[in-house]
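**Student:** Sequence:
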Amino acid sequence: MDRPFNPSGLPPMTRRYSTLGLDKEVNEVMKAVSVFLRGNDNMLLVVIGPYGFGKSDLLDDVEERLKELNVDIIRTALSLSMNIKDYLVNKLSERDPSKPMVIMFDEADELTRAVSMSGGVNNDVKNAIMQVTGLIRAILEPKNYAQLLNLKPSSLGRIMIIAAFTPQLYYSILRNSVPDVFDIARGRVFKEVVIDDRVPYWLYEAIVENRLLSYSTPERLKAIKDGKISPLWPFNRELLSLIYLIARRMENGQASPRNLIKLTSKLFEMAIENNGQLSVNLVLSFVTSELGKYVNLDLLNELKTYGDEVLGVALSGIPVKANSNIELTGLVEKVKVIEVNPDNPSELRKVNNVRMIYGKPPIIVDDLRNLSIEYGSYYTVPTDRGIRLFVILPPDANLEGFVGYDAYILKKGIHDKLLGLVSAEGASVDELGNFIKQLAAMKPVDVAGRIIGMLAKSDAIKVQDGLRVAIVDNVLDARLAYATLDSPDKVASIALNCGVKVNGQVKYVDGLIALVVNDQVLTNQLNTNLNIKWCNTYDASQRILLLSYGSDSIEELRNTLIGLYVLSRFSKVPSEYSSQVQVAMRFIERVSAFRDSLRNHILQYTLGLPRRREGKRDAIRSIVESWIEGKVDQQLPPAFRCGDKPCISKVESTLVNYLSNVGKPIDERELEQIIRGLFPVQLWREFREHDLVELMRLRGLLHDHNGKYILTTGDGFRRAVEDTCSRIRELSKSLDSGITININGVNLTLQAGLSNLQGSVKALEDECRLLMTVIRNPSEDDLKRLAKINLRLLDIQSEADEVKGKEGNLVNEIKAIIGNLNTIIDSIGGEQGIRAELKDAVRAKVNELKELINRVVGNLNGLSVDKAYEALKALNDNVTKEINRLRRELEVATSILLYAHEYSMITMTLSKISQLINEGDSVLKGNTSTDVVDSIVELLSRDSLEDLEIALSEYESRVKEARARLMDYINKARFKVTKISNSINWLRHRGLLNQDVAIPSLNFTNLNELRMSIENLVAVNKLIASKLSEISDKLNVPLSVLTYIASNGPNVGIDEVVMARELGMESKDVVNYLETLWRAKLVEKRYVS
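Residue 944 in my numbering sits at position 944 of the sequence shown; the count goes up by one each step and never skips.
It should be emphasised that the hints constitute simulated quantities derived from the structure, not laboratory data. Glycine included, every Cβ here is placed at the ideal spot set by N, Cα and C. Treat the hints with caution; some may be incorrect.
Label-pair ranges, simulated between beta-carbon atoms [unchecked claim]:
| no. | residue 1 | residue 2 | range |
| --- | --- | --- | --- |
| 1 | Lys645 | Ser551 | 53 to 61 Å |
| 2 | Asn301 | Ile184 | 51 to 59 Å |
| 3 | Asn474 | Leu770 | 48 to 56 Å |
| 4 | Ile184 | Glu273 | 47 to 55 Å |
| 5 | Glu946 | Arg613 | 57 to 65 Å |
| 6 | Ser981 | Arg1086 | 21 to 29 Å |
| 7 | Ala492 | Ser551 | 36 to 44 Å |
| 8 | Gln168 | Ser346 | 38 to 46 Å |
| 9 | Ser34 | Gln168 | 29 to 37 Å |
| 10 | Glu273 | Asn344 | 43 to 51 Å |
| 11 | Ser592 | Asn27 | 26 to 34 Å |
Capping the alpha-carbon separation at 20 Å, the derived lysine to any residue pairs in SDA-like fashion look like this [what the hints assert, rightly or not]:
| no. | residue 1 | residue 2 |
| --- | --- | --- |
| 12 | Lys979 | Leu1002 |
| 13 | Lys417 | Ala456 |
| 14 | Lys616 | Gln634 |
| 15 | Lys67 | Tyr51 |
| 16 | Lys572 | Ile588 |
| 17 | Lys1081 | Glu1030 |
| 18 | Lys1081 | Ile1031 |
| 19 | Lys788 | Arg727 |
| 20 | Lys631 | Val662 |
| 21 | Lys412 | Glu333 |
| 22 | Lys262 | Ser214 |
| 23 | Lys1027 | Gln995 |
| 24 | Lys336 | Ser256 |
| 25 | Lys976 | Asn1021 |
| 26 | Lys507 | Ala456 |
Construct the complete structure from the given sequences, taking the supplied hints into account.
**Tutor:** What follows is the structure in structure tokens.
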């Protein structure tokens, strides 16, 4: 028998059913056919649809309709393994050329399989593609290709080709490999018809019902009419919904018609084998055997232990009426199911408000193909009254005016585990539910505020009543303000200010995305044409995106926020929120399109400078020079070019127009603020607001008059020229002035080195006077002449400044030299340590140098600065040399005087010490102090440094010799001191001296102290000699004998033989003297001093 459901999902040989869900696509194809039939042209139409989504069914419907239009039809598979070319040539050769023909190519999947098997487009695949496309092109273009098919061109006229392809084959292979055929823009494709691949649950149920009715016997139809069985019998909605959910799980969230039909067919066959009865056990067997791979069988077997009622709830995709006791299992929960007409906005709004209170997302019905089934949330079914929506709510939900019933479903977590669904983290789902609950209580304007906060990734700032704003500053993109308004009229102030006022200051932006929210009026009342200009300059539509939400769009606003929230929190979107995500994506696409458009617009107003080694000022100057000369430099930025000629940039022209409307002078700070508001300065490269001002000033478009800028494109041009001429005259005057230096009583007037610029200044002044003939509205050539004068004036001023800078440095050097001369001369005269004997001679030398300096400096008056500097530099060197020479002479003279003094002191000391050691006359010969000073002064006056150094050398030798003699005498004196000390001790020992006598030391480095010590020793020596002389006279003993004995000290043994030898006497005489002294008790017997 003919089956309503093919086990392999294939279309039947003879169709009894009509295709559902492809009405739109069939109509599009038939419209293209109508166009084809109105002419004699060949055409190509492409149908695009994935595997198993009804390409063949669509062609079946189109074929049925074509049969009613008296059109020849060829329907064949686009196969390479079969000889399709010969088949088509035979058919085409037999046709009546006057009758239109439609060739329908189906089953082109062989090409896709070839690509898949080869791992890419290899040579074999390329050859296959060329065969297919060559055949299609030959049919489409008979004039060029008919001979290749051995046909007359007339045999290939009035042919339409309808080819069905998968997206992979068409988009990835054919359109890329053969764009001259398969491209909607450049190829031969007249129209592309894309099959809608959305198969919601209601469409699946309608397909099942349609097929069952199409193949029903009269008896079944009567039983349905009498209400004995359901049109879905032997199926039921609970089971079909389960099949749909599992099929969607099998295909990663998108069920295909082919898979649904195959699954339905298998269950249908099992029902036939069971006499048309679908018991719980049969369904369990079906799920276990056919769908066990996609179902948690362990959990299913566990649920089976709770009885058929719990199992019946588990094996249903929608709520099931059951005994309330099953709730005690903890596996199911009670719900309320209400029916809603999706075409009734009021009903839907009420239901959605309740859903949001319970943390459920609103249901969106803008497209019924998006409305399917979500377990535990809602499901859709086809009815005689159209598509109906059944919403699942908590049992305590109170909705008046709706028909509903109580039922049971598996708890969401258990159901997801049963179907092996990967759900989002529980915490995130709970957080989302709480967010929706909060959203239900939010005012629309607060919802809009959250949206712009998410777009801007920052919290919206409340600026004033009715206005919230979030500003995004992006250095690589447009500056954007996201705002919420309650009226589109409030956009005007933002547009006028080029931004939003925050705390009294304008925050400049390049564009505005405004959500106009007002639940008191309809959306179309908020949609208005903005008759304003952004910054009084740009078309508002290029800078402002108004997204209006009136009372009829508040749900869309809420759905947008929910979708944005889901996208920000979930990597895998929960299917229940797919509609909200689609709304959010459409919102994002609209915002992104505006941002792209805005960026493309503001890019026209970007400026940049190439990086030059010379610096930014030179880069700006080169732009002006290129414009004046009319030649394009390779480094001239594109913004300053118009084709192959340099020109005034769009930015400059825009600013000129803006300032023309302002109509008053503007200071630099205000002008830079205007530039920041008008232009996307964050995108400018190596270019800032003041650089634009400088560029326009050099061009002559702007002129600085008394600290404020005026435009020169109108009446301001004459003022600019007058000010420029005045500046030139002032420069000319400044070039004639001299330089006066007054320091430390020295007055010097020098000539400035600017006189060589006078010729250039005079020529520039003549050019400026000629430009005075232009009264107003200068031409571009006039502006170029003014710009040229400005540049030349800058050059001259730069040269003058450079000269003044150099001369200023030289003047400072001159002042430093003069000050240094005075300082070093004064220092030599006031130096400490100059001996009084030499001060008069030094003072005379200093006065002589001062007179010389004053004379030389006076002769420099009238010279140029650089020559005066060189002369003073030489003078400073010479004076420094003289001062250094004088210092050296003073050093040498002082040293000579010191040596002379030391020599004198040594001479006196030697005189004293010679008396002590009886050396006779030891006085050294030399000049007197007065003679020495006179000689030095004479040498100083004659600048005879060489003679002074010779004298110093002579005195050094004398002092060295005197020091050597003094050391020799001191060594002898130390021996004498020992004898004196022994003699004192002997006299005391023998009772001949009762007073204390100190023995002076010779260990002194100071000559005065040494001389005093020697004088004291001489006195002590005289005292000893006096005492010994008295004894000598009294005892008639020679003084030399007494002196010998006393000098050895007391208690010292005396060897008379040695004593006689040392005294030059006879031993017997010495013995006699010793005997005399013994009797006088001055020595001991045998003999001791």
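**Student:** Are there hints from earlier that the structure breaks, and if so, what are their numbers?
**Tutor:** 7, 13, 15, 20, 24
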